[in-house]
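Now that you have both chains on their own, put them together as the hints suggest.
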Amino acid sequence: MSLIELIGVKKLYSMGESEVKALNGVDLSIQQGEFLSIVGPSGSGKSTLLNMIGCIDTPTSGKVLLEGKDISSLGDRELTRTRLRKIGFVFQQFYLLPTLTTLENVELPMKEARVPHAQRRARAEELLSHVSLSNRAGHYPNQLSGGEQQRVAIARALANRPHLILADEPTGEVDSQTTDRIVSLLRDLHSEQGITVIIVTHDLKIADSTDRLVSLNDGRIESDVSHVRTDRGPEPVQSLVEHHKDGPEMITGKDGGGPDMVTGRDENETNRGQD
Amino acid sequence: MHHFGFHKFGRTLMTLVAVAISAAMMLSMLSIAEGFREQSMSTIQDSHRDILVQAPGWTGLSDAHALAEELESAPEVAFASPVLVTDTNMMLTLTIHKTNTFKLAVGAGIIPSKEKEFEGEDRKTVIINNFAIEYIDDFQELEDPFADGGIPTRELMINRIFAEANDIQKGDMLGVNGVNFTVSGIFRTSFSQDGSSGVFEDILADTAFIGLHLSELQDLVGLRERDAATFIALTMDESVRSSKTIEDHANALREKYSYFYISSKADRLRDAEERTSLANVFYLAIGSVAVVIGILFLACIMIMSVYERINQIGMMRAIGISRRTIFLQTLEESTILVSLGALLGLPFGYFASEFLGNFIGANIGVSFDLTSFTPQIVVYTMLLIVGLGVLVSLYPAWKACRMDIIKSLRHVG
Ligand SMILES: Nc1ncnc2c1ncn2[C@@H]1O[C@H](COP(=O)(O)OP(=O)(O)OP(=O)(O)O)[C@@H](O)[C@H]1O
Ligand SMILES: [Mg+2]
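Those sequence lines, one after another, are chains A and B.
For what it's worth, numbering that gives the first Met the number 0 labels the leading residue of the first sequence as 0, then goes sequentially.
For what it's worth, numbering that gives the first Met the number 0 labels the leading residue of the second sequence as 0, then goes sequentially.
In isolation and in its complexed conformation, chain B is listed as follows (with noise of 0.2 Å):
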């Protein structure tokens, strides 16, 4: 039995959406950004990378072999492998013969075997700053194509996206600073698995992302002799992967090695986390700004709607209703409208969520599911907005309390 009701049903309506509004946004905005989150874990979550040791500078890293050596000798430790990634200021340039066109590419140096050993059949996933580079082709699985005076292999692996949008095949060949690779294989970034165009791929299409051989890339880049590598990357033996076994490897480098930056998989997904905290401000920025005007809206119904029940307010303080039955009342009744408007706003958040993740996954040409509907997302939203609609209609509860009853009775509305 409410004393006042929603008998104003076009008002009251108009609340319930305006909340269901704005608990879709908060859904929604909070679940691309807990997507975002999600895929950026996952991807290194799934790396068979357990431990990064990186010299202060990307070049630093002298005998990067020998170094790979002596971690790979720990019983703890599966292998070690060094990996190269010329930078911005080290672009390469690539001639594609067809066209006689220049590019510029931005080379990763791996040693294939390694990577190629550890991980399954049918997916070779390498993870090179964030982009996991997938070769399904074949690449000479060679330690060192420079060993005991062999030869290069000379071949390369190109993103997909580069090769569609020049034209390249497997087997064409391509100059990379004058000299000649074969086009091996095409890879695939985890941004463009399913060809949609965007940001990335127009990035893509116009900057080669080519992989090769460590040594090769060294020696295109003039740092062969060097044993140049960015980083070693550490996988850990089978029997042993634990996060708390990479942790304690980890620790147990930085105690040996501490002129090297030494990063577990715990520290890239801490990493990762602050980054899209970060982006994660954003989202919420959004959707706070919608709560927010959802309820103001709802405030202003409340206001509105005790300043209407003046007289009747007076009358029932005049026969004897209390103060507190007038307030929990009130309360009482936005209470209810809030929570049926963030209920009601439930099944938006989910189709709103659905569809913004397809369509900024479009725009920015990713395949992968955008977007992470979760009970904790559904729970918190729905704690916030009716936490915040009985917060904002304490005030008008409270008016209504305090109202003097001669004023309220006399009152002319």
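With the rest of the complex left out, here is chain A (with noise of 0.2 Å):
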């Protein structure tokens, strides 16, 4: 059983007369531990189809499976507690608590889930010290550089040991080299945990690195693509990138086929057998 499966997702935003198809059909399936990056022109519908996986948003037709069950069924409890138990979200926005310290900040989630006051300090620490700002433990957000807020979102997204983080555009407001730092958090993330890691972005970079790329455009899934990442380096991506650029065409992935149609499954089963 797939992680998250799309079957036909529609999204439909009707202002008066004309019509926005956020979503047009889209069909995609997603496994456990993958490490996977949506790319696409801005408002193609990456944020939308990320916010389905998060179950914060419901598609108008199609079907949005978690685990094998349909977000549409479940009343809000249920995917409130989908989203506080499994799935870590990562904004642009960092979208910290200012009146929280950063330790509060980290340990808010599992205070949502009920997890003892000494367990869940003792959790947001050693968080915090994962992604380095141990010593910023008692610091307010707004006492952070942009980076280091982000990563505290990332270490509040894996409070409660989410099985999925969904990033939207996570180094969307930090320089380069936060990014880097922040990718590879991410990317450890996915090859020290086995998290499932799925980052929207416009940086070519960081998609680069993902092990499988899906390319959105005006709603549709336009390529999607898994390749054998070496630790040596992104060429394969690299250049479908380049080709990607050039003309939907030259990808290799199928674009907005059936359930099974990722061309590279099997590819990247094999890889993750590797990691």
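Hints were generated in silico from the structure; no laboratory data involved.
Nothing here was measured: the structure is a model prediction, and the numbers come from that model.
One or more of the hints may lead you astray.
[Unchecked claim] Simulated crosslink set (DMTMM-like; lysine to aspartate or glutamate; CA at most 20 Å straight-line):
hint, chain 1, residue 1, chain 2, residue 2
1, B, 398, A, 75
2, A, 110, B, 331
3, B, 406, A, 75
4, B, 97, B, 166
5, A, 110, A, 124
6, A, 62, A, 217
7, B, 7, B, 403
8, A, 204, A, 187
9, A, 110, A, 125
10, B, 97, B, 147
11, B, 243, B, 71
12, B, 406, A, 168
13, B, 102, B, 142
14, A, 9, B, 71
15, A, 20, A, 66
16, A, 68, A, 124
17, B, 406, A, 18
18, A, 9, A, 69
In structure tokens:
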């Protein structure tokens, strides 16, 4: 069973007369443990897609299955619970609570999950040290740099040991050096803990470094490519990206096909096996 | 650990102050109302007149003395004394000989020997129509100056405010309806003990309030032959004087004298309670307006801060914080805010009630403590304000927890 399965997903916004098709028939299947990026021009529906996977949005038509369960059939309570326990969100704008310290921000999801105080404090400290911010535990978000805030947000996303990390342009507001740091942090989560990581990005360098690249255009999947990424470098994807830029027809991945359209599936699983 | 917190310091402070002011207003209004109530209650409570027996009209009591004697013969009754109070259509004309001025007077006819007998040594208080006359000077204690061909005392007491305003001293001569009287005493009403000026004092300075022997007042107003009295006041014997025996005796009298209006102390307390509760509505209204303004302020601030935090709320919902948590968090914040504000208002309320009490007291010329800052008032006000604060916060809290996650995240504030 796929971790995530999107079947014919459409999301329409009607604005009076006109209609915006944020997603226009998306089929996508993501396995546990993938490290995947979603790219595409602005307005192509990347965030909308990610929000569906993250159980904070529902499709106008089609199905989003999370661990086989149709999220449209779940009530707010179950969806909230799923987000809390199974999903870690990282946003472009960091969204830390300004009135809480770094440590308290990381504790927040654990508090909601009723983790006992001592335990959650210990875990928050551990997570902060993991993102190398132990010395900033007592600081408030406005005392941190953008990159530091984003690392806190990642620590917060990890608090309840999710299977899935969803990051919507996590490096959109930080410089390139910080970007590298954040991406490698996310990659480590994937490789060390087997967490499924999905990154929405404009940054081709980031897309490059992921194992699978889903490219959206006008609410449709234009290409979906998996490749064996060696520790040496990201050449295969690099070339793909270049192809992608030239034209979608060059891409080996299938666009907008059926549920099992992802050509790179087997390849990817092999790759995971190697990790 | 608060998700939201009170980081907007200035605004938080303003809300606290607004709530504190409304709490202070409510507290002071309630304590003034309570002070008034207690005062009028204690005037009745302290009175030695346990039961009033009253005819339907003020002159309707024929043979008042005989009836008083009959009432007095009951073993539970210490004494019964007829009281005559002239009312406004029976104004007495007072001539001040020194200045040759005419003034109007309201007369209260009492039997001093009886009233004095009952009271303690130093304070002789007679309550007539809610005025407490305290006669502190000599007054001939005859049962009836006319009895057995006796000579009328031709003595009267006059209220101090009138006396001072018209330069009347003890020993002066005053004419009442053309009959000369010696001022044998100056009495104080409980509304004029400290000499401050006010509306009552203005009235009292212009219209004399005189106390004299019952039979002499009856004589003056031409009612002596009919033994007229406004009512007969009964005082129970000290040994059986409890509210229950008073009530029992009043009931017995009601059966026996069905044509009289009989009111026990409890009845008069109830009447006074009703009268004051009507006045209290006024104070309560003022306090309520203040509370409503304070609470509305709080509600606006809460709505504002919810709208300001749309992104934060969206984020919290996205990472799995439940509606319940957000709802409770918002409520908790406003509860803390309103409770702190109400607590802050407590000392202000105390001082405001003291100040307002003195201010109003000075204006209407009363000297007793006009305010009663009781624990019940404090508890009531706190509960009211916190309760209302929580109530009006339900809306912003509900708004916060029902927000659409996607819209909240995309919201550009
Ligand atoms: N609430 C809405 N009402 C109308 N249209 C909407 C709404 N939300 C999203 N859209 C439209 O849906 C489309 C997809 O939006 P989405 O945010 O998913 O794009 P994106 O790929 O994430 O873009 P970007 O890279 O700029 O973040 C856009 O054309 C957007 O204008
Ligand atoms: Mg987007």
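A quick look at each hint next to the structure:
no.	hint	verdict
1	398(B) / 75(A)	holds (16 Å)
2	110(A) / 331(B)	holds (16 Å)
3	406(B) / 75(A)	holds (16 Å)
4	97(B) / 166(B)	holds (9 Å)
5	110(A) / 124(A)	holds (14 Å)
6	62(A) / 217(A)	holds (19 Å)
7	7(B) / 403(B)	violated (25 Å)
8	204(A) / 187(A)	holds (17 Å)
9	110(A) / 125(A)	holds (16 Å)
10	97(B) / 147(B)	violated (34 Å)
11	243(B) / 71(B)	holds (19 Å)
12	406(B) / 168(A)	holds (18 Å)
13	102(B) / 142(B)	violated (29 Å)
14	9(A) / 71(B)	violated (99 Å)
15	20(A) / 66(A)	violated (26 Å)
16	68(A) / 124(A)	violated (34 Å)
17	406(B) / 18(A)	holds (18 Å)
18	9(A) / 69(A)	holds (15 Å)
The earlier numbered hints that this structure contradicts are 7, 10, 13, 14, 15 and 16.
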